[in-house]
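Asks: Residue strings, one per chain:
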Amino acid sequence: MKKKKLTALLTAVAMMTGILSGCGSKGAESAPAEKTPAADEASTEQESAGGESGGTAAAGDAQPITIWYYWENEGHQATLDQLIQEYNGSQDQYAVTAKYVPFADFKKQLSIGASADELPDIAILDSPDHASYVDMGIFEDLTGKFDVGNYYEGTVNSCTVDGKLYGVPFGANCLALYYNEDMLTAAGGSVPTTWDELKETAKALTTDAVTGLAFCSVQNEEGTFNFAPWLWSTGATSYDINNENGVRALTFVQELINEGVMSKECINWTQGDVMNQFIAGNVAMMVNGPWQIPTMQSEAPDLNWKVTLIPKDAQYASALGGENYAVVTGGNVDGALDFLTFATSEEKVKFMMNQFGYISADKTIAESQFAEDSPYYPFVEELNYAMARGPLAEWPGVSDAISLAFNQVITGTATPEEAAAQAQATIDGIVK
Amino acid sequence: MDEEKRLSRKTNILFSVIAVALLCVLLFPLYWALITSLKTEQEIFQNPPTFYPHILNTKSYAAQVETGDFNMFRSFANSFLISMGATVIAVLLAVPASYGIAKYHFKARKAVLLSFLVTQMLPVSVLLTPMFIMFKNMHVYNTWVAAVLADATIGIPFSVLILKNYFASIPKDLEEAAYLDGCNKFSAFVRILIPIAKPGVMVCAIFSFLYAWGDLAYGMTFILDQEKRPITAGIFNFMGQYGTKWSYLTAFAVVTIIPVAIIFIFMQKYIVSGMTSGAVKG
Amino acid sequence: MAKIKKFFRYENVGILFVLPAFLYMLVFVGYPIIHNLILSFQDVNAGNLVRGTKNFILFDNYLELFQDSVFTASLWNTLRFTILCLVFQFIVGFALALFFSQRFSFAKPVRGILLVPWMIPITVTALMFKLLFATDIGIINFLLRSLHLIEKNIEWLTTPGTAMFALICANVWIGIPFNMILISTGLTTIPKELYESASIDGAGKVQTFWRITLPLLKPTIESVLILGFIYTFKVYDLVYVMTSGGPVNSTHMLSTYSYKLSFEMFKYSKGSAVANVLLMILLFVGVFYIRATTEGEND
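Residue numbers (the working numbering), protein chains in the order written: chain A, 3 to 434; chain B, 6 to 287; chain C, 117 to 415.
Bound-form chain A, shown alone:
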């Protein structure tokens, strides 16, 4: 197969050079390579070869259903593939295939696809972006088609716009505090529950080689996700920052940096990088999500760590994350609904969530999902305090203003007061 393609190409190349080499032939007018019959053949061959990827090949006239997702994690890909295989094996009307689009490219590909009318039938997307695509009009209204009564309110909110349901939560996650138990014991500290305790503990844990605390502070949605727990803990909201509470959250972060208990590098560390620092023993405590647990267990099996609630200022708070399923308008809606009905059944949800290291968005499943001594358990507890970002079509703008604010404070380019005022001005311009 591969050889054939190569031969085809080589023939094409040879033909091209043939045209040019003869004296007096009209070399300059030669057509571009793809117009030659040999190359044409190769490309059609490609098309037919690459038609089916994920599931079992469609027999007969099964309708193709395409899913776009962004997990680069091999385990996640294999799990999704297994779900699809099971579905494809269970009926012969539809043949589902999944296509991987990297997270960094996902929004771009959806935008381009929307312009060019080349979208999948189902998208599994990051929940804070959901409202923007609803605004774009590319998602089907699923109100009444799925029972989300038992789901965590935040997860349902993330795919609800104007009271209508435009998606189904895939799974939920949120942020919590991981701590290195050995380091904590060695420093004689106790598990922090308030901001003051957290700062003290972080100080005690900080040495020449170790910084006390880290959380991803990249200037994008990921950073906003990690800053939100601190902001919301004071009682401030995402839209109302320029007040005592908002400034207090920014000041707290500033103090962590200035007192050397958190590295400035956090503005360049993704959540994954933060985890890598944590398992390398360079960071004693980190804020991160449950999806890191499988990696941590396999990469650093000897590391002694535990998870607890993110320490609070006025109230416990965390940011809700996770993906939603969405059905794309203009695609094969019936097929997509059929697959989603299959995928959101209790049995399948349990299977997916456990394999992924996710928490079910369905409260009843989530509460019995983990044993009390499981490292996932604190996340289920934290979920009760977790809130969704948005949902708002213009959320990317708000998020951008917030992430700029804490980056200004971390890098020392603005005081918390200035940063809060500037962010507020931007947000007011977006949310009138």
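Hints were generated in silico from the structure; no laboratory data involved.
A few of these clues could be false.
Unchecked claim - Mimicking PhoX-like on lysine-lysine, the simulated pairs with C-alpha atoms at most 20 Å apart in a straight line are:
id, chain 1, residue 1, chain 2, residue 2
1, C, Lys268, B, Lys15
2, B, Lys177, C, Lys119
3, C, Lys224, A, Lys266
4, C, Lys224, B, Lys203
5, C, Lys308, B, Lys15
6, B, Lys112, B, Lys15
7, C, Lys308, C, Lys321
8, A, Lys205, A, Lys308
9, B, Lys203, C, Lys321
10, B, Lys190, B, Lys203
11, A, Lys308, A, Lys201
12, C, Lys308, B, Lys115
13, A, Lys101, B, Lys141
14, A, Lys350, A, Lys147
15, B, Lys112, C, Lys119
Stated by the list, open to error - Quick list of the computed label-pair ranges, beta carbon to beta carbon:
id, chain 1, residue 1, chain 2, residue 2, range
16, A, Gly414, B, Leu12, 53 to 63 Å
17, B, Ala266, C, Ala408, 47 to 57 Å
18, B, Ala173, C, Phe325, 19 to 29 Å
19, C, Gln218, B, Pro264, 24 to 34 Å
20, C, Leu195, A, Lys434, 27 to 37 Å
21, B, Ala67, A, Pro66, 27 to 37 Å
22, A, Gly414, C, Arg261, 14 to 24 Å
23, A, Ile432, B, Ala266, 41 to 51 Å
Computed from a predicted structure; not experimentally measured.
Glycine is no exception: its CB is placed at the ideal position from the N, C-alpha and C atoms.
Using the hints provided, position chains B and C relative to the given structure of chain A.
Replies: Same frame as chain A, but now just chains B and C:
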């Protein structure tokens, strides 16, 4: 042949030593990538850094071969097809075009030259949507043809600009001699001028190939099936939400360099002599 | 027929040579340029990308941009970045090209190997430099500390000024082989006889360089600089991976800002407008280049 001005033995050694020193400095990042790829993640994060891997870790290379949907060898084959295709188109179209611009002073010459430049003036990101729509209508979306066509748009203007100087530097008498021998304009171009401009053509082919080889945006956007994507797409396996795995990533860098480097070494005789042989004699 | 034949006699035959390449570029890039121009005069965002009306708001996007501090900072950053990169990579590349044009034993193989930075996808290069410039684990800080040039680690990528410096270093590293090879090939077009007669006339090395090498290399230098300018000016991957425009937007370039507006903020029209400003500046430089290079030619 070129026996003039051989350097003395002493200068030869001195220059060679300097050359190697320069090589070490300039390629240090590559050395660092190589040893990082052989370290464990823990060692990479160790402070102070280690200059050679204390614990040899080859897991990172095993991960390159097959990760989920990603198959390294298949991706290499894809990259080669795409890069070769783009190179062929770029060279075939750019060589005559640059000759036309260099040797014929037709009226629209300046405008044409400027328009070649203009095509390079938009950032790739805004080209993606309209190109995508076009490729979809041409029914080449999600095939390597789309990437070939898009990648060639980088190689063509580049090659035209570089080659036109080459053709311009070839004295007119050579061409005129060819006409006297009974060649017409096209055959003179093919028989006399192209061979003389070989070093330039070689460099343009190399750069066109490497532009296409390094492309990520076109390959990712226009090809949706993982099994048709170029090798550069593999980078996403090792960075993203789950953190940058430095050992995997640097192993990826090393692996992507090797095949191209091997080709270069095997073809060095042709490439280097092509690039540096005196073009114009007399 | 006869008319056409007559038209393509003499100089106009050149058009036939140029036409295939020209048409190719017209189809594949001409349409996107027009598409982008129209988009920049509209008000397209998430709400009306697919459905709803796209209103023509003419220059509103552009006017808005010039009140946007991130945009003006990006404009300034892009200019600064491009000029600094160009200066360093050109000088070093030129020097290396001259050095390797000497006939010593290792000249050819070493010059070949120096092309290797070009074989690495830019995203990978960017990540490698991110690792080199990391504060605590980065080798650059370690070397500087070992040489006692610094006492405390420099926070390269998290301080506005030094982040730009790190980006420039990475880009110059990629740019050096580019300049070196193109100038090397340019050097081969200079007839050796010229050097010989110059040395017979008793000209020194420096004189030969100024009187022969530089003037004869002028077209190559011009091409290298204009291409370098264009490619550097629209730098994207490198910045996106190394700093994503941070810290605090201090390394945003026009291209990264355009991308962010279009594909992260869903402000497609505004993103297009940024790209067009980039194009306008390059167009200005391009026209200047064409003028300078074809000056004195009898068209």
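Asks: Each of the hints needs a verdict: does it hold here or not?
Replies: Cross-check of the supplied hints:
1. For the given pair, Lys268 (chain C) sits about 43 Å from Lys15 (chain B) by alpha-carbon distance, which is inconsistent with the 20 Å threshold.
2. At most 20 Å may separate the alpha-carbon atoms for a hinted pair to count; Lys177 (chain B) and Lys119 (chain C) exceed this at roughly 27 Å.
3. Restraint check for Lys224 (chain C) and Lys266 (chain A): the C-alpha separation of about 45 Å exceeds 20 Å, so the hint is violated.
4. Note on Lys224 (chain C) and Lys203 (chain B): the hinted pairing holds, with a Cα-Cα distance of about 17 Å set against a maximum of 20 Å.
5. Proximity of Lys308 (chain C) to Lys15 (chain B) is assessed by CA-CA distance (about 24 Å); at most 20 Å being required, the pair is judged violated.
6. For the given pair, Lys112 (chain B) sits about 54 Å from Lys15 (chain B) by alpha-carbon distance, which is inconsistent with the 20 Å threshold.
7. With a C-alpha separation of about 14 Å, the suggested pair Lys308 (chain C) and Lys321 (chain C) falls inside the 20 Å cut-off, and the hint holds.
8. Of the pairs offered as hints, the one joining Lys205 (chain A) and Lys308 (chain A) holds, with about 19 Å between alpha carbons and a cut-off of 20 Å not exceeded.
9. For the hint pairing Lys203 (chain B) with Lys321 (chain C), the CA-to-CA distance comes to about 29 Å; that exceeds 20 Å, so the pair is violated.
10. Among the hinted pairs, Lys190 (chain B) with Lys203 (chain B) is consistent with the structure: their alpha-carbon atoms are about 18 Å apart, no more than 20 Å.
11. Restraint check: the Cα-Cα separation between Lys308 (chain A) and Lys201 (chain A) comes to about 18 Å, which is no more than 20 Å; the hinted pair holds.
12. A threshold of 20 Å between alpha carbons decides the hint, and for Lys308 (chain C) with Lys115 (chain B) the separation of about 31 Å lies outside it, so the pair is violated.
13. Between Lys101 (chain A) and Lys141 (chain B) the CA atoms are separated by roughly 17 Å; this keeps the pair inside 20 Å, and the hint holds.
14. Of the pairs offered as hints, the one joining Lys350 (chain A) and Lys147 (chain A) holds, with about 18 Å between alpha carbons and a cut-off of 20 Å not exceeded.
15. At most 20 Å may separate the alpha-carbon atoms for a hinted pair to count; Lys112 (chain B) and Lys119 (chain C) meet this at roughly 17 Å.
16. Checking the proposed 53 to 63 Å range against Gly414 (chain A) and Leu12 (chain B) shows it holds: the Cβ atoms sit about 55 Å from each other.
17. In this structure, Ala266 (chain B) and Ala408 (chain C) break the distance hint of 47 to 57 Å, their C-beta atoms being roughly 38 Å apart.
18. Between Ala173 (chain B) and Phe325 (chain C) the beta carbon distance is about 21 Å. The supplied range of 19 to 29 Å therefore holds.
19. In this structure the hint that Gln218 (chain C) and Pro264 (chain B) lie 24 to 34 Å apart at CB holds, the actual value being about 31 Å.
20. In this structure the hint that Leu195 (chain C) and Lys434 (chain A) lie 27 to 37 Å apart at CB holds, the actual value being about 35 Å.
21. Restraint check, Ala67 (chain B) to Pro66 (chain A): a C-beta distance of roughly 34 Å satisfies the suggested window 27 to 37 Å.
22. Separation of Gly414 (chain A) from Arg261 (chain C) is about 23 Å and conforms to the stated range, judged on CB atoms against 14 to 24 Å.
23. Between Ile432 (chain A) and Ala266 (chain B) the Cβ separation comes to about 50 Å, which falls inside the hinted range of 41 to 51 Å.
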